[in-house]
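Visitor: So the chains spell out like this:
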Amino acid sequence: MLAFSRPFWPLFLHVLGAMTLYGAFIAAVVVAIAGHARATLSSLAIAVPAWLVTLAGALWIAHDEGLGNSNATWIGIGHLVLEPGVVILLGSIACAFWWTRSGKAVAGRVVAGLSLVYLALLTVALLAMSGKWG
Amino acid sequence: MLHVASAFCFFGGSVAAGVLNVLAVRAERPSETAFLLRLIRVVLPVVFVGVLGTFVFGIWLWHRLGFPIGAGWIWASLALWVVANALGGIGGRHQERSRELAERLAAEGDASTAELRALLRDPKGTAVSYAAGVATLAILVLMIWKP
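Residue numbers (the numbering used here), protein chains in the order written: chain A, 1 to 134; chain B, 1 to 147.
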């Protein structure tokens with residue numbers, strides 16, 4: 001385990017977290033559009049630890065490989081989507097909580113919209129990072 | 001890029017299906033269970049795109065990047081890919097049986113029964129779904145580790 005721990009673990013955690021985050025948002029979009037408030041909140045709750053693991057992996061890789069000051073486009077897109085994305089994530093959770101409490105349809109539409117936007121941003125980020133754009 | 005995007009569809013779609021399944025098992029009323037299990041069908045095309053894409057683009061990359069034909073980690077990944085899909089299919093059939101019973105109960109007064117609870121929490125069905133998840137995770141380990 002220790003023999004491959006340095007290069008393996010940061011990338012593994014980053015990718016595992018990102019894939020789980022992606023899956024949690026797919027589930028959130030589906031249940032939000034279908035109109036199930038409680039299931040939307042539960043799906044988004046799973047996205048929080050996934051987001052943290054993704055960020056931790058990214059910071060670990062950046063530290064180990066000296067990418068902190070990199071100007072590469074793909075790294076910039078990754079940072080732009082992941083870090084400010086927490087605002088969309090927390091906003092979605094807040095709206096989903098409001099939806100479960102109030103039952104208002106507008107809250108459901110806001111959650112579905114925010115989740116769909118973040119899912120689209122995650123798709124752009126995963127394409128940029130895997131394709132090493134720029 | 002296309003191989004990784006497909007892997008995100010495969011893994012992410014599986015996570016979404018797993019989340020919906022867990023929420024369905026925890027639902028109080030059969031109508032809610034049936035509703036959430038039906039939504040898994042919406043996610044399945046994402047999983048299928050991922051399953052097909054990881055295989056096709058994976059084989060293409062194998063050739064393009066010049067990995068040897070005897071690369072054990074690639075063969076192990078392919079074996080796990082087959083295992084994950086087979087177990088996912090078996091788990092899916094179990095979910096379909098649960099959904100059919102939940103829909104029947106929803107139409108007959110929407111009260112849960114011991115039969116539905118037993119079917120949803122069936123240890124074999126649960127174990128098969130978890131094993132499919134472990135196989136998928138093992139593929140990810142091999143793809144990143146490349147031993």
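If you are wondering where the hints come from, they were derived from the structure by calculation, not from laboratory data.
Nothing here was measured: the structure is a model prediction, and the numbers come from that model.
Glycine residues also receive a C-beta, built at the ideal position from the N, C-alpha and C atoms.
Do not rely on the hints blindly, as some may be mistaken.
With the Cβ distance kept under 10 Å, some of the chain A side facing chain B (calculated, not the full set) [stated by the list, open to error]: (1) Ala34; (2) Phe97; (3) Trp98.
Now the stretches of chain A that chain B is said to cover, found in silico as 3 or more residues with beta-carbon under 8 Å [said to hold, decoys possible]: (4) 7-14; (5) 63-69; (6) 105-115.
Visitor: Find the hints from earlier in the document that the structure breaks and name them by number, from lowest to highest.
Guide: Those not satisfied are hints 2, 3, 5 and 6.
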